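Both chains are sitting in their own frames, so use the hints and assemble them into the complex.
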Amino acid sequence: MEHYNMNLTLKVWKQKNSKAGGSFETYQVKNISSEMSFLEMFDVLNEQLITEGKDPIAFDHDCREGICGACSMYIDGRAHGPWTKNTVCQLHMRAFKDGDTIVVEPWRAAAFPVIKDLMVDRGAFDRIMQAGGFISVNTGNAVDANALPIDKKNADTAFDAASCIGCGACVAACKNSSAMLFVSAKVSQLALLPQGQPERESRVLNMVAQMDKEGFGNCTNTYACEAECPKGISVSNIARMNREYLKAGLTTEQ
Amino acid sequence: MGLTGLFLIVFLIVHVGVNSCIFVNDGGETFNKAAHFMSHNWILRIMEIGLFAGLLLHIIQGLILWRQNASARPVKYSVNAANANSKWYSRSMGLLGTLLLFFLVIHVSKFFIDTKIALYADGGAHDASHNLYNAMKEEFQTWWVVVIYVLGVISLFWHLLHGFQSAFQTIGINHKRYTPIIKAIGIGYTIIVCLLFALMPISFYLGWID
Numbered sequence: 000m001e002h003y004n005m006n007l008t009l010k011v012w013k014q015k016n017s018k019a020g021g022s023f024e025t026y027q028v029k030n031i032s033s034e035m036s037f038l039e040m041f042d043v044l045n046e047q048l049i050t051e052g053k054d055p056i057a058f059d060h061d062c063r064e065g066i067c068g069a070c071s072m073y074i075d076g077r078a079h080g081p082w083t084k085n086t087v088c089q090l091h092m093r094a095f096k097d098g099d100t101i102v103v104e105p106w107r108a109a110a111f112p113v114i115k116d117l118m119v120d121r122g123a124f125d126r127i128m129q130a131g132g133f134i135s136v137n138t139g140n141a142v143d144a145n146a147l148p149i150d151k152k153n154a155d156t157a158f159d160a161a162s163c164i165g166c167g168a169c170v171a172a173c174k175n176s177s178a179m180l181f182v183s184a185k186v187s188q189l190a191l192l193p194q195g196q197p198e199r200e201s202r203v204l205n206m207v208a209q210m211d212k213e214g215f216g217n218c219t220n221t222y223a224c225e226a227e228c229p230k231g232i233s234v235s236n237i238a239r240m241n242r243e244y245l246k247a248g249l250t251t252e253q
Numbered sequence: 000m001g002l003t004g005l006f007l008i009v010f011l012i013v014h015v016g017v018n019s020c021i022f023v024n025d026g027g028e029t030f031n032k033a034a035h036f037m038s039h040n041w042i043l044r045i046m047e048i049g050l051f052a053g054l055l056l057h058i059i060q061g062l063i064l065w066r067q068n069a070s071a072r073p074v075k076y077s078v079n080a081a082n083a084n085s086k087w088y089s090r091s092m093g094l095l096g097t098l099l100l101f102f103l104v105i106h107v108s109k110f111f112i113d114t115k116i117a118l119y120a121d122g123g124a125h126d127a128s129h130n131l132y133n134a135m136k137e138e139f140q141t142w143w144v145v146v147i148y149v150l151g152v153i154s155l156f157w158h159l160l161h162g163f164q165s166a167f168q169t170i171g172i173n174h175k176r177y178t179p180i181i182k183a184i185g186i187g188y189t190i191i192v193c194l195l196f197a198l199m200p201i202s203f204y205l206g207w208i209d
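Keeping their order, the protein sequence lines are chains S and R.
For what it's worth, numbering that gives the first Met the number 0 labels the leading residue of the first sequence as 0, then goes sequentially.
For what it's worth, numbering that gives the first Met the number 0 labels the leading residue of the second sequence as 0, then goes sequentially.
Bound-form chain R, shown alone (with noise of 0.2 angstroms):
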């Protein structure tokens, strides 16, 4: 869980980075650049697919944890006070995690699938007129899809806040002084990332970027 977690952290460095290539607000050409390196170069098309795996395989340990966890307590306290001694978010990563799911199936099929047929249906003949630019910018007029991309974000930000440490706790990382300096990394990493993640359709929707 803590291993491909911090896979998928890393990930999303790449994702949020070459994603804010839109705020250069020069008609998407600096993003559909590096939107094209990224889809065209065969390291990064392998990787593509370690990418999912990772995903995979943190969907499946999530799921088992879940299974195992739930068995572990046959009866449930009918009073429990778990606020006062654990955040809400560390207890939810379960349901957090099934948010993202239900976001990440939605998010991939409006952006990741149409530039896949670009590249491969009838022998790519779409590669060239395909402009992902323009097509997120399409999709972030309707004022819906933008509530579920800044709700799929805030999912994605308490997903995050807990996840970080907690990797690397989990890879036996806990140190006196390197833990704190651990933590306020993920809570900056957090706050950046889900940021950058979230002005991204409310910029397209506000006209801020055009």
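One chain only, chain S, in its complex shape (with noise of 0.2 angstroms):
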């Protein structure tokens, strides 16, 4: 692939702090090369910013090797950017063309309050874990790694869905704001190994309470999670927590 170097116009969302309102503010920058990452090109921008003596963009970022989940970023009406099966570290300037106007704005949920810029609180998630995102382990020694037979499938299923990375990209591309493919993925990852069987039950109703008391949409299977997911997580564990719940609301008495 042929390198380039273009320069842009940014359109970000500029937003002091949960309680403030927000607004774009548009910046140019200049000589961004294609094989730079989209966040790269922010280090860019804000290094600019601050040698300019102007407040530099807030943005969350971890890993930057597309594991970590942190990079919170809508770009042009898309979570993550324009690629799928991406995370905005790894969305590299290539997607871009010289002169391209680019819009960025933070994920969008009453249960995702901005905290600056492009940072959102995803605490929510945090909550919804510690409602049921969790076995019970004995004390005592560490159990022989293959002492619990587990079916290839289930493993494989449960794996699947072990890989969701929390964020929150379903919540954002959702018309709804639902949270459903984040639960249903770690309700799934449990339900589906024989250490998650103990808190079944009550780990379902008790997550689906959370996620609601978050504020949470309600899904309504536009299927637009899974099209933005970075980590191609199936709407199969979204049908799968919905018939834990049920099957848990009729049987327990919790």
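Hints were generated in silico from the structure; no laboratory data involved.
These numbers come from a predicted model, not from an experiment.
Glycine residues also receive a C-beta, built at the ideal position from the N, C-alpha and C atoms.
Just a sample of chain R residues kept apart from chain S, beta carbon distances all over 10 angstroms, derived: (1) Leu54; (2) Gly123; (3) Tyr132; (4) Leu150; (5) Ile153.
Computed Cβ-Cβ distance ranges for the label pairs, DEER-style: (6) R:Ile191 - S:Lys96: 43 to 53 angstroms; (7) S:Ile66 - R:Ile186: 34 to 44 angstroms; (8) R:Phe10 - S:Thr250: 22 to 32 angstroms; (9) R:Gly93 - S:Arg126: 21 to 31 angstroms.
Restricting the straight-line Cα-Cα distance to at most 25 angstroms, the calculated cross-link-like pairs of lysine-lysine (DSS-like) are: (10) S:Lys10 - R:Lys75; (11) S:Lys230 - R:Lys175; (12) R:Lys32 - R:Lys136; (13) R:Lys75 - S:Lys13; (14) R:Lys75 - S:Lys18.
This is how it looks when you write it as structure tokens:
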């Protein structure tokens, strides 16, 4: 692929804190390499802003190798930008052309309040996990790795669900700001494995209850979440969670 | 939403089946017999109450979803490329459902209420002379009634195209082998039901049946 440089116009959401109203600011960046990642382009912009004595843009980032899910940017109307199964740090500038105008917004959901600019508070996900995303483990010696027989198919399906990085792109892309794909991935991962059985029923009931309490919307099966998920988590997990929820609701006294 | 939707999907099979008797083209004899059975059999009369309850529940569930989902995103995106990740009709179920509700108000006031009046007013004195087939034929001579009906069926088409397969996902059925079959049946069902419904006013208007 041929390397090229580009000049870009960026329209970025600036917001002081969760209470203040925000607005778009327009910035110009020059000589951006097509081999840069989108976040590196933001680093260049922020250095430029600091040199000019202006307020740099606050954005979440951590691993910069596509596995942490910190980078929460809604770029040109898509969660994590135009590429599929991708995070912002792995979105390269070759996705854009010289002279492009790029609009960057934070995740927008009542359950994800903006902390500053492009940073949102995803604590709602943590509280959902605390409500049931765990297993009971007895203390004592570590169990032998292969002591528990697990069906290969279930192990694979659980692993697919476990590849969720909790980035929140599903919520961001969903027209209802529903967290069903995230919650169903976590419920599925544990419901499929023997270690998850003791809390199987209470888990799904508690996690769904917490999800509703956080103010996420409802699932209407548009499947935008699956299309925008950087890890390609399947909506079949949502069906599994619906099954688990129905079963748990009918069979437990909780 | 899924359960009530499936219930209404089953009702539509009955509705389109009975109404398709008009295509026998025997001056409405078969159709009027079927319609008479539908409005006089007491089991069906009880089921009719269930149908309205199901429809009402479907509408109430839809309104609750709409209200909760509207508050889940107070600040909207200024740029949103929703077509890149989902189908427009899957995102427009509320709008399509509202259009269908408007259509249903017109539809019920045109045929259902007249039938009920004939059944109950003056101790059922007009029941024997009530001819639903002729009422249909008469209504569908007006071009704008035909247009309203065709638009209603178009709303139904998109609503069902998403709703059929979505109902199964909601009740937890998503299977590598069976989901593609369910989706195919859903598309087939939607096309057949909507085509038959749309053909009814069009056939009367163009004089294909009389």
